[in-house]
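K.L.:
Assembly of the complex is requested from the two constituent chains, each provided in isolation within its own frame, with the hints serving as guidance.
If you read the protein sequences in the order shown, they are chains A and B.
Letter by letter, the first sequence follows residues 593 to 1080 of this note's numbering.
Letter by letter, the second sequence follows residues 2 to 129 of this note's numbering.
Don't take each hint at face value.
To be verified - Counterexamples of contact, computed for chain A against chain B with all Cβ distances above 12 Å:
no., residue
1, Gly626
2, Ala723
3, Ala744
4, Ser779
5, Ala829
6, Lys883
7, Gly912
8, Thr987
9, Met988
10, Lys1024
11, Ser1054
Said to hold, decoys possible - Calculated lysine to aspartate or glutamate pairs in the EDC-like style (CA-CA distance at most 20 Å, straight line):
no., chain 1, residue 1, chain 2, residue 2
12, B, Lys12, A, Asp760
13, B, Lys129, A, Glu996
14, A, Lys1049, B, Asp38
15, B, Lys129, A, Glu816
16, A, Lys1049, B, Glu35
17, A, Lys980, A, Glu1040
18, B, Lys55, A, Asp792
19, B, Lys126, A, Glu962
20, A, Lys980, B, Glu43
21, B, Lys126, A, Asp978
22, B, Lys55, A, Glu755
23, A, Lys980, B, Glu123
24, B, Lys55, A, Glu962
25, B, Lys12, A, Asp792
26, B, Lys12, A, Asp789
27, B, Lys129, A, Asp792
28, A, Lys1049, A, Glu996
29, A, Lys1058, A, Asp1070
30, A, Lys980, B, Asp30
Think of the hints as simulated: they come from the structure by calculation, not from any bench.
Using N, Cα and C, we set each Cβ at its ideal position, and we do this for glycine too.
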Amino acid sequence: MINQGEATIFEKSVPQRRAIRFPATEGLPSSKDGLPAEHRRAASAALPEASELDVVRHYTRLSQLNFSIDTHFYPLGSCTMKYNPKINDQIALGPRFSKLHPLQPDETAQGILEALFRLERALCELCGMDAFTLQPSAGAQGEFVGVLVARAYHQKRGENRTEILIPDSAHGTNPASASLGALTPISVRSNARGRLDLADFKSRLSPKTALVMLTVPNTLGLFEDDILEIAEAAHRAGALLYMDGANFNALAGLVKPGDLGVDMAHLNLHKTFSTPHGGGGPGAGPLGVKKHLEDFLPVPRVVEEAGLYRLRGDFPLSVGRVRAFFGNVGVLVRAYCYLRRHSAKEFRQISESAILHANYLKALLKPAFEAFVDEPCMHECILQTDPKRMNGVRTMDVAKRLLEYGFYAPTVYFPLIVPEAMMLEPTETESKQTLDEFARAMLAIAEEARKTPERVKAAPQSLPVKRLDEVGAARNPDLSWPGRVSSS
Amino acid sequence: MFNPEICLYAKSHEWAHVDGESATAGISDHAQHEITDVVYVELPQVGRVVEQGKPCAVVESVKAAFDVYSPFSGEISEVNAELASHPEWVNQAPHGQGWFFKVRLAKPGEKENLMSFEQYREFIKTGK
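Next comes chain B alone, as it looks inside the complex (with noise of 0.2 Å):
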């Protein structure tokens, strides 16, 4: 379980979990929630190099396909291999067993990019 109150979020809607020098990563109970129930999920290869706010993984819905975005740059050093065969994963626990991958934060300093638990709420809210 990534306790969701001290991740870290991004506007599209993932979140990062920053342990030490890496972070894990996956999409909000908001995302989930909206999407609605995941049929197939399409994860980055270990190795790997990611951006901040590119594209990395896929995830697919009975509505549509959206992209994944990488909160942070870096290295991907594990992937959730399970949930391939597991989509439902990430609707039933978004912050536990539905994480996506790791990454190895090549730029620590991007968290500034990110918005915290209670600014996330705020901009589900609110839109800013």
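Here chain A stands alone, though its shape is the one from the complex (with noise of 0.2 Å):
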């Protein structure tokens, strides 16, 4: 285990050093000839001067300082941080997909179109849904084109609806997506038993509702069980049934969201269908719709046509472009991959297992940490910490000393209706082992959070970066590296 911290490249820099030296320009044009004075520069950029066995060195080694789903259990709830199979990985960075233009004409890309084609069908029969548009990039956006598309068919209806209701447990990203396209988000309450609160719903609907959006399971890891009256309200009401699938891993082969009487669902295939993921992407979050709206989905769209498969963009109330070219291709062709490594009854068990994991973590956990509610949970559970009982020791504190156990924290504060929330997704991929042994350690942490709170609060301690300032880095941002570097 390394222990000690890495340097900056900055700090590493030695005037002159190079990794390459350019062959002498004498007797060339200088780029200073051709540019013109007030664009040049007063002085060389403050680069930092290296080897290239000091770059390699380096940022290898502060990817050997990484938490990753490849070199710990990473429990980040609402992520589904599971393992990413290497031969998806292998398969699209293949040259059939990776050497390909976007311009290139259909008839000799016949291969990733297919590709594409069968992944938006086989997305289909999962969700029970009749159409797929794969170019949303992300969950957010798959939600942000649900709500253009909510727009675009009540408009073509001669209704002008302007309201969505979310529930208070939702993801951020769903009034925000809302908010994006115009609409105006409203929050509807959970209940004590962390579900929809019916009646206050059934309150908030009315003829100025477009879109109703439900997370299912919700944020709580909890099945929505009334969701059948919900869509049904909604639909009485005129309004259509959105379902944020970013839990999809807890229901895929299980239950389709066409069958709960939703009419749009986007998928998070950086999730469920195992293609990495964090940092900020790239991620793909295709939507899927019913019949009724599948005229107004994103162009282009990939059709077959006479034994051809074809981009198309003659689509007439369709809501447009939302993405240059055709998504994140290479995310698409992973989930793809993954999609076709298993069968219909496989991906039920995958779906169990993440249960089965998240439900014998929970129970584990019970004796130190709450359960925010006290019942059986899908693949992800909700617990908490109690100052009270752990000497003031907070969530935050228990998440900065797991990593000194060597396990990623789980996602901490959300959801907000939750105080002191944790939210752990074990995922299916983990073995029983992994999860007793980080069972051992939070329970390890409650036993510390008795006797010896201070340490657990000043953690870490014992990593290479030790507890941050995070108040301070907030309040006062300083994002420039203050050294001089030395200037050739």
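P.N.:
Rendered as structure tokens:
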């Protein structure tokens, strides 16, 4: 285990050290000759000077200090940090996919178009939907496209609907996507069982409601067991029902959103369909719709005509383009490989294992951490730290201390309606041994909180980066390297 | 200083100090303690018309961002502009330097929807 911090590349800079020496440019025109004086630098750029070996070692060491799914258990709730099979990367990186140009004629790109076409059909089958667009490049963009589709649908029917109902447990992206799509988000309360409060929901439905956006299972890891009644009430009011499929890892092969009365749903392929993610992407958030919404999907769409796959753009009711070219195709190829390697029955087993693992972990941790809703959960569980029982130790302290035990921390302080929340999603790819080890670490931290709370509150101390001053960083962010780099 | 004991409180943890035709508003001591260190505050514009119970400001801590709801309907008459560069005041003096805004009361009767200091203390303890 590497325990030393790593200096920045700037600190390693040595004057005149180079990876590559360029040939002399004597007699050739210099960039100075053609560049107007006001566009020339007064001093050279303060770039670090290092050898190739310096650079390789530096970045390799940094990568070794990282927590990642390939090195650590990563129970980051709501993110589905499952193992990403390497064969998917190999196939996606193969020249047949990676060397294509997005503007080459359809006839010369039949392989990728067929893969995308088949991916759409397979997602339709898993979700009980009639059509899919693979364009959205993340879950939030899927939501945004869903909002556009809902608006186009109501407009075509001559209805002016401006509101969207969203539970108070929802991911923050839901109201953000709605606002970006010019709908007004209306928050609906959760009930004591952590589900949508039906009475509050019905009181907020109106002729202005365009869309109801529901996450299933919700962010508390609970199945919205009133969903059939919710769907019926929404439809009776003339609204559409959207399902945020961020948590589809609990449903794939078990439940089809289309069977629940859902009109539209997005999936996060980078979560459920196991493509590498984190650090901002790339992702893929395809949107599936029922027949009555198909005409509004973004263009281009992959179609099959006379044995040939084509990208078609002439759909007059379409909401238009939402992204350059055809989405994050590399992610789509990986997801398609993952999909093809598992039968429908195996998808069911994947979901069942994900659910079992979350419930197992929850049962192990219950002696020390409160369960927000004390009943079986789906693929993730929400626990709470009680600072009163733990000498003032909070969830943030537990999360920091966990890093020292060699585990990545769960999602903390979300959902917002749960005080001192911890959201654990173990996924189906972890073994019982890993879950047991993790639970032992969590219970050990709870014990420390009772005996040596200061140790937990000061964590981490044994890692290369100690307790960070998060408040100082947020209040006075200083984003530039202060040191001087030698200029040549 | 806006004496906490004579302030009115919303279930969403804002306090309001009524003074004649307007009220000063901020977030409660309990709220600042729960959300921990405040790092950013977004205030409404003076002149904006707000509604009771509707979001009109944002407070962000290292944990998350939260909406602040107006305790009364009416026009924003003044905001604590210095708070933007001193978000820590929300933690240090939630009923003092950490006040958010003043609202001109359009419907003074709305105070019936708010809690007294004692009721709020009970609400925090029991959730009712």
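K.L.:
Give a verdict on every hint.
P.N.:
Each hint, compared with the structure:
1. Gly626: Holds, because the least Cβ-Cβ distance between Gly626 (chain A) and chain B comes to about 46 Å, which exceeds 12 Å.
2. Ala723: holds (36 Å)
3. Ala744: holds (28 Å)
4. Ser779: violated (9 Å)
5. Ala829: Holds, since 23 Å exceeds 12 Å.
6. Lys883: Nearest chain B Cβ is 38 Å from Lys883 (chain A), so the label holds.
7. Gly912: Its Cβ never comes within 12 Å of chain B, the nearest being 31 Å, so this holds.
8. Thr987: Per Cβ check, Thr987 (chain A) is inside 12 Å of chain B; nearest 9 Å; violated.
9. Met988: The claim breaks: Met988 (chain A) does not keep its Cβ more than 12 Å from every Cβ of chain B (closest is about 8 Å).
10. Lys1024: holds (33 Å)
11. Ser1054: Consistent with the label, Ser1054 (chain A) stays out of reach of chain B, its closest Cβ about 22 Å off (over 12 Å).
12. B:Lys12 <-> A:Asp760: holds (15 Å)
13. B:Lys129 <-> A:Glu996: At roughly 40 Å apart (the allowed maximum being 20 Å), Glu996 (chain A) and Lys129 (chain B) break the hint.
14. A:Lys1049 <-> B:Asp38: holds (15 Å)
15. B:Lys129 <-> A:Glu816: Violated, at about 25 Å.
16. A:Lys1049 <-> B:Glu35: Within the cut-off at roughly 16 Å; holds.
17. A:Lys980 <-> A:Glu1040: At roughly 14 Å apart (the allowed maximum being 20 Å), Glu1040 (chain A) and Lys980 (chain A) satisfy the hint.
18. B:Lys55 <-> A:Asp792: holds (16 Å)
19. B:Lys126 <-> A:Glu962: holds (18 Å)
20. A:Lys980 <-> B:Glu43: Judged against 20 Å, a Cα distance of about 31 Å means the pair is violated.
21. B:Lys126 <-> A:Asp978: Between Lys126 (chain B) and Asp978 (chain A) the Cα gap is close to 14 Å, so the pair holds against 20 Å.
22. B:Lys55 <-> A:Glu755: holds (15 Å)
23. A:Lys980 <-> B:Glu123: holds (18 Å)
24. B:Lys55 <-> A:Glu962: violated (32 Å)
25. B:Lys12 <-> A:Asp792: Satisfied, since the Cα-Cα distance of roughly 17 Å is no more than 20 Å.
26. B:Lys12 <-> A:Asp789: holds (18 Å)
27. B:Lys129 <-> A:Asp792: Since the Cα atoms of Lys129 (chain B) and Asp792 (chain A) sit roughly 18 Å apart, the hinted pair holds (cutoff 20 Å).
28. A:Lys1049 <-> A:Glu996: Given that 20 Å is the threshold and the Cα spacing comes to 13 Å, the pair holds.
29. A:Lys1058 <-> A:Asp1070: The hint holds at about 18 Å.
30. A:Lys980 <-> B:Asp30: Distance ~18 Å between Lys980 (chain A) and Asp30 (chain B) Cα, so the pair holds.
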